[in-house]
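Undergrad: What follows is the residue order along each chain.
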Amino acid sequence: MWYKFDLKDIANLVRKSGVLLALIALVVFLSITSNVFFTTHNILNILRQVSVNLILSIGTAIVILTGGIDVSIGAIMAFSAVVAASLMNSLGILTASILGIFIGLGIGTMNGLAVGVLGLEPFVVTLSTMLSIRGLAYVYTKGYPVSDIPGNYAFLGSGYVGFMPLPILLSISIFILALIILKYTPFGRHIYAIGDNETAARLSGINVKMTKTLVYTINGGLAAFAGLILVSRLISAVPTVGMNAPFDAIAAVVMGGISLSGGKGSLWGMLIGVLLLGTISNGLNLLRIQSFWQEVVRGIVIFIAILIDRLRVSKRL
Amino acid sequence: MIFEVRNVSKRFPGVQALDSVNFVLKKGTIHALVGENGAGKTTFVNIISGIIRPDKGDIYLKGKKVRVNTPAQARMLGISLVPQILNLCQDMTVAENIYMGQEQKFMHKGLIDWKSINISANRLLKDELGVDIDVTKKVMGLTVAEQQFVEIAKALSFESSVLILDEPTATLTEPEKERLFKVLRKLVDKEKAIIYISHRLDEVFEIADIYMVLRNGRVVGTGSVSDITKEKLVTMIVGETVKTLSRKSLVQKPNKKCVLEMRNVSFDGVRDLSFCLREGEILGIAGLIGSGKSVVAHLLFGINTPDTGQIKIMGEPVVLSSPNNAMRLGIGFVPADRLHQAMFLHRSVLENITIANLKRFKRFGLIKVGKEKEKAHEVSQRLEIKMSSIREDVMYLSGGNQQKVSIARWISRTPRIIILEEPTQGIDVKAKAQVREIMLSLQEQGISVIAISSDVDEIISVCDRVIVMFDGRITSILEGGEVIKDLVSRAELGRYKNVV
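Chains as they are written, first to last, in our numbering: chain A, 1 to 317; chain B, 1 to 500.
Take the hints with a grain of salt, since some may be wrong.
[Unchecked claim] Think about it this way: if two alpha-carbon atoms lie no more than 25 Å apart in a straight line, the pair counts; the simulated DSS-like pairs of lysine-lysine are: (1) B:Lys256 / B:Lys182; (2) B:Lys371 / B:Lys359; (3) B:Lys126 / B:Lys105; (4) A:Lys264 / B:Lys362; (5) B:Lys65 / B:Lys126; (6) B:Lys257 / B:Lys27; (7) B:Lys27 / B:Lys64; (8) B:Lys105 / A:Lys264; (9) B:Lys359 / B:Lys373; (10) B:Lys126 / B:Lys64; (11) A:Lys183 / B:Lys375; (12) B:Lys230 / B:Lys256; (13) B:Lys256 / A:Lys264; (14) B:Lys138 / B:Lys105; (15) B:Lys230 / B:Lys65; (16) B:Lys64 / A:Lys209; (17) B:Lys359 / A:Lys209; (18) B:Lys386 / B:Lys430; (19) B:Lys232 / B:Lys26; (20) B:Lys126 / B:Lys109; (21) B:Lys359 / A:Lys183; (22) B:Lys126 / B:Lys190; (23) B:Lys190 / B:Lys27; (24) B:Lys65 / B:Lys27; (25) B:Lys359 / A:Lys264; (26) B:Lys375 / B:Lys386; (27) B:Lys257 / B:Lys312; (28) B:Lys137 / B:Lys126; (29) B:Lys256 / B:Lys312; (30) B:Lys105 / A:Lys183; (31) A:Lys264 / B:Lys26; (32) B:Lys373 / B:Lys362; (33) B:Lys26 / B:Lys64; (34) B:Lys27 / B:Lys126; (35) B:Lys362 / B:Lys375; (36) A:Lys183 / B:Lys256; (37) B:Lys190 / B:Lys177; (38) B:Lys362 / A:Lys183; (39) B:Lys373 / A:Lys183.
Hints listed in this document are in silico derivations from the structure and should not be mistaken for laboratory results.
Bound conformation, chain A alone:
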């Protein structure tokens, strides 16, 4: 019963998605041109690299599904990470990590209240959050990286369960959880309903204010969690971490066919978007393309992917 729905979503994706086509084309191309690309080691490597963006994209996706946007997740990542990292020696890893996540949830809730309850424009709200929270991260660290982190904290970002890197397991678990929430809980249905038609949602008895607020809360919490993973992998928390994070996440979400106006699209598409972005970076590295050029190529690929989508959709009409 359950899997049936998602099969339909996936089938839709295969039929319609230009992004999936681009991903397949890229995988084929890289497998031919590079003999290291299609190896278990490299694939796991890609998955580990995308796991942070996957977590961020899930949060961003649910915000966008309600018709909102959140550009503050990079700043939330940075601030909660530097605070948590700096307290790990005194409070212990677990307490400091939990504190970091609560910071994320708290900032997210402030975003949510401003958008959901006060009815302010999400872009402007999260833009000002982004500026001030990023600023706080600098103030807190005086601009220096926090690198006095206990060594065993590295497990979160670099550890393995069996052969599987832990971040992959964590991000996939969150992905599955999010799928279930969106499809099989009233909260998930409400998210889609609000994005599709907010007035109708209110008139159907949905608590629009609370749902909207919660969505930003969750996004803040996920951003903080992603920040913790990133810090663990680098064994250093820099206040500049995640500068591009919201835009990578938004790119993945939009490439996955989730409409910026809300209410449309599934997380499966977003997953493909995340994988495409990760594969591009990996491929460009394998092909030894200079990192400055990589940015250029990434921008162009995102554009082409959504253009293909658009062309395919308009032909169907």
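Since the structure of chain A is already known, use the hints to place chain B on it.
TA: Leaving out everything else, chain B in the frame of chain A:
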């Protein structure tokens, strides 16, 4: 003959939308185009106004074959569409809207001469249409009818000889409609040709000269309106006999107790409302736009809270502070503006039906999809919702079926009271009859119904009692045999007070 369409066909994936349609339009006539939703009316109109291209067929204007590939081309040829959903820029003035895109005609030394635009717009409205609207006013402040006149004036500004009106009266009240018809007659006098699309057959007989009926993309009948009866026309449209539209149900149930009661309620221009909804009755609320009849619905569904006065449900005073709160007290609300206030267009029929009722299917925090689907199936079968599957997005359903989905949402909760606002607005004849049947069947189940409507026929055919509102007050409450059309219309205008 000014305009002719020969053998036009159009196919969409899975459906033959138009099949060899021939159509002839004469100067100075009004040609009514009727048919159920999905009969091909919109496709036909879209083809002749250049929005879509036909697969086959030709269009002739004044005897010459023409190509109509874009709306701009259609306009250049003198074919203008006044769309059902008006597309005026609300923040701009009437004159600016009328001459939008034609400003170059009014250039003076490289700048736009607004004064002459205003004069020109005023002349169009006054002389051509005979209506008096301040052209320097923003469109925002105009009534729907006035906005329609602006759209018509805009069409005329392109020297159009063929005007297409798509459901122009859908949101108009009786007097506004009369005003529109006056304008249309004036246009006919000026030798314009008008294609008039409407679901309201009374109007066809009132205003049109020629009718054409489309069914499943084919012309099933055309001729002079004076040669046909309403019953014959209905049969042509639906292709099968429907149950008679007006069932006089006017049963009096004076002894039943009040399920819901408003006592001296005032809010924002609505003053001193007192009435009682009796158990198991269908109570109509009639009135003009702005009479306050929709405010009543908003107050009862917790969208607004009264400034003063009391609302009682089953004798208990209640505070209806939000829709959610009203729902818990057993009230359901089917709003008039289906698209903006009820439908989740990109969600499935299933999700649209159960969205207000998800708690019932929840176990351990998760929705039990099997149970949910079962319920949605049951309700959609009961209401005869036509769809290819319950997972179909609601946007692909016809207006009538969307309206049924909107009603199904509340039925699935088994409420005590259902408020329907303009329940059959903008849906086809057959769906109208079905929605009325649904209202009567709700009554049979003991659900009390409030029907707010500007359609007097509708009120008469389904309601047991009718509240008439004018200018924020209840002017009369009509009961039983008193509910006759004339009385309602006159009471609507506020001439009749305290009829009971």
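Undergrad: Could you run down the list of hints and mark each one as holding or not?
TA: Hints versus structure:
| no. | hint | verdict |
| --- | --- | --- |
| 1 | B:Lys256 / B:Lys182 | 46 Å, violated |
| 2 | B:Lys371 / B:Lys359 | 12 Å, holds |
| 3 | B:Lys126 / B:Lys105 | 20 Å, holds |
| 4 | A:Lys264 / B:Lys362 | 24 Å, holds |
| 5 | B:Lys65 / B:Lys126 | 34 Å, violated |
| 6 | B:Lys257 / B:Lys27 | 59 Å, violated |
| 7 | B:Lys27 / B:Lys64 | 15 Å, holds |
| 8 | B:Lys105 / A:Lys264 | 43 Å, violated |
| 9 | B:Lys359 / B:Lys373 | 14 Å, holds |
| 10 | B:Lys126 / B:Lys64 | 33 Å, violated |
| 11 | A:Lys183 / B:Lys375 | 18 Å, holds |
| 12 | B:Lys230 / B:Lys256 | 38 Å, violated |
| 13 | B:Lys256 / A:Lys264 | 47 Å, violated |
| 14 | B:Lys138 / B:Lys105 | 22 Å, holds |
| 15 | B:Lys230 / B:Lys65 | 35 Å, violated |
| 16 | B:Lys64 / A:Lys209 | 59 Å, violated |
| 17 | B:Lys359 / A:Lys209 | 19 Å, holds |
| 18 | B:Lys386 / B:Lys430 | 12 Å, holds |
| 19 | B:Lys232 / B:Lys26 | 24 Å, holds |
| 20 | B:Lys126 / B:Lys109 | 28 Å, violated |
| 21 | B:Lys359 / A:Lys183 | 14 Å, holds |
| 22 | B:Lys126 / B:Lys190 | 14 Å, holds |
| 23 | B:Lys190 / B:Lys27 | 9 Å, holds |
| 24 | B:Lys65 / B:Lys27 | 17 Å, holds |
| 25 | B:Lys359 / A:Lys264 | 23 Å, holds |
| 26 | B:Lys375 / B:Lys386 | 16 Å, holds |
| 27 | B:Lys257 / B:Lys312 | 12 Å, holds |
| 28 | B:Lys137 / B:Lys126 | 15 Å, holds |
| 29 | B:Lys256 / B:Lys312 | 16 Å, holds |
| 30 | B:Lys105 / A:Lys183 | 56 Å, violated |
| 31 | A:Lys264 / B:Lys26 | 46 Å, violated |
| 32 | B:Lys373 / B:Lys362 | 13 Å, holds |
| 33 | B:Lys26 / B:Lys64 | 15 Å, holds |
| 34 | B:Lys27 / B:Lys126 | 22 Å, holds |
| 35 | B:Lys362 / B:Lys375 | 13 Å, holds |
| 36 | A:Lys183 / B:Lys256 | 44 Å, violated |
| 37 | B:Lys190 / B:Lys177 | 20 Å, holds |
| 38 | B:Lys362 / A:Lys183 | 12 Å, holds |
| 39 | B:Lys373 / A:Lys183 | 14 Å, holds |
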